[in-house]
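In order, the protein sequences belong to chains A and B.
Mapping of the first sequence onto my numbering: position 109 corresponds to residue 156, and the numbering continues sequentially without gaps.
Mapping of the second sequence onto my numbering: position 12 corresponds to residue 1198, and the numbering continues sequentially without gaps.
Keep in mind that the hints were calculated from the coordinates and are not lab data.
Worth double-checking, as some hints may not be accurate.
[To be verified] Interface residues of chain A toward chain B, partial, derived using beta-carbon atoms under 8 Å: (1) G63; (2) Y79; (3) L81; (4) Y86; (5) A117; (6) P126; (7) Q128; (8) P129; (9) G130; (10) F136; (11) I144; (12) R149.
[Claimed, not checked] Derived Cβ-Cβ restraints for the label pairs, each shown as a range: (13) B/Q1236 / A/S55: 26 to 36 Å; (14) A/K115 / B/S1266: 44 to 54 Å; (15) A/S99 / B/D1245: 15 to 25 Å; (16) A/G107 / B/G1226: 25 to 35 Å; (17) B/P1293 / A/Q128: 17 to 27 Å.
Glycine included, C-beta positions come from ideal geometry on N, C-alpha and C.
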Amino acid sequence: DQQVKQNSPSLSVQEGRISILNCDYTNSMFDYFLWYKKYPAEGPTFLISISSIKDKNEDGRFTVFLNKSAKHLSLHIVPSQPGDSAVYFCAAGGSYIPTFGRGTSLIVHP
Amino acid sequence: DGGITQSPKYLFRKEGQNVTLSCEQNLNHDAMYWYRQDPGQGLRLIYYSQIVNDFQKGDIAEGYSVSREKKESFPLTVTSAQKNPTAFYLCASSIDTGVYNEQFFGPGTRLTVL
């Protein structure tokens, strides 16, 4: 049973617009959440994280929102750029090894 | 330059053969991990190690073995018992196994069984 779900396998967005990637989790013990970005044939790289005591964290063009009651988080990328085209993984955990979602492939069109 | 190296980048093996994938890190991290990525499957944990000479099975350990004799090295052996070994393998490390510490990933090894 998947504890971390990314229900959209892919997302297509035009350059300059907002990209919103979603992630749902089922384990109420999860209290820390991370997003990783992965290019083809490379390892993922850490992008941004948020702890359960916050509902928002920003880093430049990237913002993660956490809705604990809905067990939902989202990654917003504004404005989207072609170089953002990659697979984005959501990961969640509670003081131990995080569980990864299946990823969402983002394509940003020029 | 600190980081994680995996070798080789591409690996081919004949069915029935064991093969060992290398993973080295110079980040002085205690924890190391092996993941497998298949299309549409995300990252699935094979084995992890919290400290030298200790390792634990992950979600899909069957058909794999590891060792952690040195802090900087965590090789993965894909044995002939692994029924579907063709995949992209990723090694990672972190300060420790707590989720609060981001993981640093290597570039991966693509294994193809012929």
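Going through the hints against the structure:
{"no.": "1", "hint": "G63", "result": "violated, 29 Å"}
{"no.": "2", "hint": "Y79", "result": "holds, 5 Å"}
{"no.": "3", "hint": "L81", "result": "holds, 6 Å"}
{"no.": "4", "hint": "Y86", "result": "violated, 10 Å"}
{"no.": "5", "hint": "A117", "result": "violated, 20 Å"}
{"no.": "6", "hint": "P126", "result": "violated, 25 Å"}
{"no.": "7", "hint": "Q128", "result": "violated, 22 Å"}
{"no.": "8", "hint": "P129", "result": "violated, 22 Å"}
{"no.": "9", "hint": "G130", "result": "violated, 18 Å"}
{"no.": "10", "hint": "F136", "result": "holds, 7 Å"}
{"no.": "11", "hint": "I144", "result": "holds, 5 Å"}
{"no.": "12", "hint": "R149", "result": "holds, 4 Å"}
{"no.": "13", "hint": "B/Q1236 / A/S55: 26 to 36 Å", "result": "holds, 34 Å"}
{"no.": "14", "hint": "A/K115 / B/S1266: 44 to 54 Å", "result": "holds, 46 Å"}
{"no.": "15", "hint": "A/S99 / B/D1245: 15 to 25 Å", "result": "holds, 24 Å"}
{"no.": "16", "hint": "A/G107 / B/G1226: 25 to 35 Å", "result": "holds, 30 Å"}
{"no.": "17", "hint": "B/P1293 / A/Q128: 17 to 27 Å", "result": "holds, 23 Å"}
Hint check: violations occur at hints 1, 4, 5, 6, 7, 8, 9; the rest are consistent with the structure.
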